[in-house]
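Asks: Chains as they are written, first to last, in this note's numbering: chain A, 980 to 1259; chain B, 8 to 319.
In case anyone wonders, no lab produced these hints; they're calculated from the structure. Note that the Cβ used here is the ideal one computed from N, Cα and C, for glycine as well. Just to be clear, a hint being listed does not mean it is correct.
To be verified - Incomplete in silico selection of chain A near chain B, CB under 7 angstroms:
| hint | residue |
| --- | --- |
| 1 | 984 |
| 2 | 988 |
| 3 | 992 |
| 4 | 995 |
| 5 | 998 |
| 6 | 1063 |
| 7 | 1068 |
| 8 | 1069 |
| 9 | 1071 |
| 10 | 1075 |
| 11 | 1078 |
| 12 | 1118 |
Said to hold, decoys possible - Part of the chain B face toward chain A, derived, beta carbon under 7 angstroms:
| hint | residue |
| --- | --- |
| 13 | 68 |
| 14 | 95 |
| 15 | 290 |
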Amino acid sequence: MAGNPLLLKELRQRMRTRRAPWLVTAYLLAMAALTFGLLYESMQGQLLMLQPMRGEQVFVILSMLQLTVVLFLTPAFAAGAVSGERERQTLPVLLTTPLRVVDLLVGKVLSCSALLILLMVVAMPLYSVVFLFGGAVPQEALSMFVFQVFNVIWVAAVSVMWSALTLRSGWSTVLSYATVAWLLVITGVVGMGLQWFGQHYPIDWFAERWSDVLLHLNPLWVMATLENVVRTSSPVPPWLTYCAVYMVLLIVLSAAAAWRLRPGPGWRRRVRWARHTDIG
Amino acid sequence: MIRTQNLSKRYGRVMAVDRLNLTVRTGTLFGLVGENGAGKTTTLGMLATLIRPSSGRALICGFDVTEQSREVRRCIGYMPDRFGVFDDITAEEYLQFYADCYHVPRPVARRRIDEWLAWVDLTEKRRAYVNALSRGMQQRLEIARCLMHDPAVLILDEPASGLDPRSRLEMRSVLQRLRDLGKTVLMSSHILHELAEVADEIGILRTGSISMVASVSVLREQTGAHRRLWLVGEASRDRWHQALRSDPHVVDYTFEPDGITVIYAGTLEQQAELMERLVKAQIRLYQFAERPTDIEQVFLRLTEGQVQHHGR
Chain A
980 MAGNPLLLKE
990 LRQRMRTRRA
1000 PWLVTAYLLA
1010 MAALTFGLLY
1020 ESMQGQLLML
1030 QPMRGEQVFV
1040 ILSMLQLTVV
1050 LFLTPAFAAG
1060 AVSGERERQT
1070 LPVLLTTPLR
1080 VVDLLVGKVL
1090 SCSALLILLM
1100 VVAMPLYSVV
1110 FLFGGAVPQE
1120 ALSMFVFQVF
1130 NVIWVAAVSV
1140 MWSALTLRSG
1150 WSTVLSYATV
1160 AWLLVITGVV
1170 GMGLQWFGQH
1180 YPIDWFAERW
1190 SDVLLHLNPL
1200 WVMATLENVV
1210 RTSSPVPPWL
1220 TYCAVYMVLL
1230 IVLSAAAAWR
1240 LRPGPGWRRR
1250 VRWARHTDIG
Chain B
8 MIRTQNLSKR
18 YGRVMAVDRL
28 NLTVRTGTLF
38 GLVGENGAGK
48 TTTLGMLATL
58 IRPSSGRALI
68 CGFDVTEQSR
78 EVRRCIGYMP
88 DRFGVFDDIT
98 AEEYLQFYAD
108 CYHVPRPVAR
118 RRIDEWLAWV
128 DLTEKRRAYV
138 NALSRGMQQR
148 LEIARCLMHD
158 PAVLILDEPA
168 SGLDPRSRLE
178 MRSVLQRLRD
188 LGKTVLMSSH
198 ILHELAEVAD
208 EIGILRTGSI
218 SMVASVSVLR
228 EQTGAHRRLW
238 LVGEASRDRW
248 HQALRSDPHV
258 VDYTFEPDGI
268 TVIYAGTLEQ
278 QAELMERLVK
288 AQIRLYQFAE
298 RPTDIEQVFL
308 RLTEGQVQHH
318 GR
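Full structure from sequences and hints, please.
Replies: Here's what the structure looks like:
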C-alpha cells in the first residue's frame, strides 16, 4: 500500500463518504434478517434442534446469495473508476506524474474491491451462526470466501478496465453489468438449458459438452462444486479452469487498458486505431 | 530547456499544430498566446506527454517527450487549463498525494508542503477540503502541486483563466515569483496583457504554428502598435488642436480632466519631434510620458495577419 499512493488516497476518500458506513450497516442488517429468516424457515421453527442437512442448505443459499449481491454491487463502485477521473478532469494531471499505469489500475481495482470485501468480512459472523447447526465445515467456508474474494476482485478489475478503455462512465457501466450478466445469468441459464436438452434430446453429445463448458464459467456453479453440492467428472478442478480462463481474459483487457491510457514508445508502429482518442 | 522541431499534431483533416519550432531558454518565462483553436492546449499537451505528436519531436530537459516520456514527466510540473480536484481530501493530503506520486521522501514532502502552502498563501487552508476551496485558491494550490517535486520546467495552460479580478492579481503575483525562483515556465493565455506583465518572451501562435517570438518591448516595436502618450500642459484647447493636428503621426487624441491621451503611430524620434512642436506652439508642458501600449492591439494586428512574420 505504501508503494501505491493512489490506493491510499482512494481508500481515504472512499471511507470518508457517508455512503460507506450506511452501506455496511444496511448490508449487514439485510444479511442478518435473511440468515435468521432462512434458518427459521428451514428448521421449521425448531431452532434448538440440530439438523446438519438443513444447516448446509442455508449455508449454500447464503453464500450464493452473497456472491450474487456482491457481484451486482461491484460495477456500481468500479465502473466509473477511471472514466470518472476523466470526467472530473483529474486524469490528465495523474497521467503527467511518473505514476505507472499499472499502479493506477491496481490502485483503482483494490480500492474499489476493498469496500465489497469489507461487506463480506462483516457478514462472516453470520456464517458462524449457521455452523452452530452443523452441515458446513470451516474449510468449505474458507474456500467459499476466497472464491468470492477472487470474483469481487475480478469483476472490479474488469469494470476498471472497461472504464479505462471506454473513458465514458455510461458505457463502462453498461459493459460491466453485461460482464456480470454473462457471469451469473448467461452462462448459468444457457448452461443449465443445454444440460436439460442433453438429457432429453438426441443431440446429447453437443449439448452436454457445451453445457459443461458454460457451467465451468459460471461462478455460482463453480461455488456449488466447492461446497460439494454438485459433482463433476472433469479431471481438472472446475475452480481452476474458471480462474485460469478469466485471468487470461483479464490480462488481455488490462494490456489494452494500459495501452489506452498511456501508449509506450514506438506506438506509431503498433496500432493506429486510437488516433483520435487523446485524453484531456 | 524546451525545444520543439517540426512538432505537429493532426486530428483527421485538421492540423492542430503544424511544424512548430520553439525554443524556451532555461530560467525564462515564455508566454504562448493565440486565439481559441490556435493550438496552444494541444502544444502544451504534447509537451506534457499527454497527447501523442503526429510528427516531429520535442525535447524537455534533453529528453524526448515520446521516447523518454517517463523522464520528461519527472522534470515537468503541468497544470491543465481545465482541471478538477479530488473530493473529500484536504489541501495538505492533496499535496502529499502528488509528492508520493513523484516519490518525494516523506520528511522532504512535509517541509515542501509547509513551504509551498505559505508561498501560495494557503497555509490557513491546509486542512480544508480541496473541493471546498474557491477557484482562485484551487488554481494557486495547483501551482503548489506543480512545485512539490521541484521540477525544472513548469507548463501552465491558461493559469489565470476563469478567475475574478482579485484572484487574477494574486495569480499574477504567484507567476512573477515563479520567475524569480529560476524555473523555466511555459504558459499559455489568450489574454496578452496578462502575459506581457510576467513573461520574458512571447510567442504568437497562429493556426498551429508560431508566427512571432519576441520580448514584449520588441514585439511592440516590430508590430508598430500605436503608442499611448499622456500629455499634461497649459494652453488653450485651440492651441492643443492646432499643434496635435499638425503632426502626421497623431492618430487620435482625447481631452481628459487631468490631461490629454494621444494615440501616436510614430517612432521614438518622431515622438521627440512632437514634443518640440508642442513647445514651439507655446504650450507649457508639465508631463510628456508614454503610457503602456494596449497590448491587445498587437495581438489583434498579428492575428489579423497585418504584420510580417518574424518566426525563429
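Asks: If a hint holds in the structure, say so; if it does not, say that too.
Replies: Verification of the hints:
At its closest, the beta carbon of residue 984 (chain A) sits 3 angstroms from a beta carbon of chain B; the interface hint therefore holds under the 7 angstroms criterion. Contact between residue 988 (chain A) and chain B, as hinted, is supported at the beta carbon level, the nearest pair being about 5 angstroms apart and thus within 7 angstroms. Checking residue 992 (chain A) against chain B by beta carbon gives a least distance of about 5 angstroms; that is within 7 angstroms, so the hint holds. Satisfaction of the interface hint for residue 995 (chain A) is found here, the shortest Cβ-Cβ separation to chain B being roughly 4 angstroms, below the 7 angstroms cut-off.
Annotation: residue 998 (chain A) was flagged as interfacial toward chain B, and the flag is violated, the nearest CB pair being 11 angstroms apart, outside 7 angstroms. Because the smallest distance between the Cβ of residue 1063 (chain A) and any Cβ of chain B comes to about 10 angstroms, over 7 angstroms, the interface hint for this residue is violated. This hint holds: residue 1068 (chain A) has a C-beta 4 angstroms from the nearest C-beta of chain B, less than the 7 angstroms allowed. At its closest, the beta carbon of residue 1069 (chain A) sits 5 angstroms from a beta carbon of chain B; the interface hint therefore holds under the 7 angstroms criterion.
Below 7 angstroms, beta-carbon pairs count as interface contacts, and residue 1071 (chain A) has one with chain B at about 5 angstroms; its hint therefore holds. Against a cut-off of 7 angstroms between C-beta atoms, the interface hint on residue 1075 (chain A) holds, since the closest Cβ of chain B lies about 4 angstroms away. Satisfaction of the interface hint for residue 1078 (chain A) is found here, the shortest Cβ-Cβ separation to chain B being roughly 5 angstroms, below the 7 angstroms cut-off. The closest approach between the C-beta of residue 1118 (chain A) and any C-beta of chain B is roughly 40 angstroms, which is over the 7 angstroms cut-off, so the hint fails.
Restraint check, residue 68 (chain B) versus chain A: the minimum CB separation of about 14 angstroms is more than 7 angstroms; hint violated. Here the hint on residue 95 (chain B) is kept, as its CB sits about 4 angstroms from the closest CB of chain A, short of 7 angstroms. Using the Cβ-Cβ criterion of 7 angstroms, the hint placing residue 290 (chain B) at the interface with chain A is not satisfied: the shortest such distance is roughly 58 angstroms.
When held up to the earlier numbered hints, the structure conflicts with 5, 6, 12, 13 and 15 and fits the remainder.
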